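Can you build the whole structure from these sequences, using the hints too?
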Amino acid sequence: MSCLCSKHASRRSFLFVAAMTVGVPAALANLANGDPRLEKLFLMFIAPCCWRENLLVHSSPTADELRADIRKKVDSGLTDDQIKASFLSKYSTRILAMPEGVKGQWLNWTPWLLSAGGLAALSGIVWRSVHREKPVVAHANLPELPEEEW
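Each step along the sequence shown adds one to the number in my numbering, with nothing skipped, and position 26 is 26.
To be clear, the hints were calculated from the coordinates, so they are not data collected in a lab.
Any given hint could be a false lead.
[Claimed, not checked] Simulated pairs of lysine-lysine, DSSO-like, Cα-Cα distance not exceeding 30 angstroms:
#1 Lys84 <-> Lys134
#2 Lys40 <-> Lys73
#3 Lys90 <-> Lys72
#4 Lys134 <-> Lys73
#5 Lys40 <-> Lys90
#6 Lys84 <-> Lys73
#7 Lys73 <-> Lys90
#8 Lys72 <-> Lys84
Please read these numbers as outputs of a predicted model, since none were measured by experiment.
If you want it as structure tokens, here you go:
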């Protein structure tokens, strides 16, 4: 019979999070067998079956084939640039996880520019609300009326 009290549930949650924190990076490193060069190359390319995840984290037969192809090219003595050029000639620039040149620069700088613009707009709104002129009420021009008529 299992205990469903919150004390044990929180302990199970903690153990699950701890296992995932230790286990996931170890599982990802196993794809490259701890080789930093393979990790770098797997991170460099996107899986062409869905075009969403890099080869270090994606699991599909196509990604397995590309990882095997990269391993074969590394073992045959090709440089990273030669491997990259062969993938670019076969799949075009879409295979790259991070585009080169101007497109890559836009991907790097756009979040920073949008954050700075949002912060500037927010600070402008706050500044205007703090330094807004108080409305002037002219009491001298009001007619004298009894309290019940107001």
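Evaluated hints:
no. : hint             : verdict
1   : Lys84 <-> Lys134 : violated, 64 angstroms
2   : Lys40 <-> Lys73  : holds, 14 angstroms
3   : Lys90 <-> Lys72  : holds, 16 angstroms
4   : Lys134 <-> Lys73 : violated, 73 angstroms
5   : Lys40 <-> Lys90  : holds, 20 angstroms
6   : Lys84 <-> Lys73  : holds, 10 angstroms
7   : Lys73 <-> Lys90  : holds, 14 angstroms
8   : Lys72 <-> Lys84  : holds, 14 angstroms
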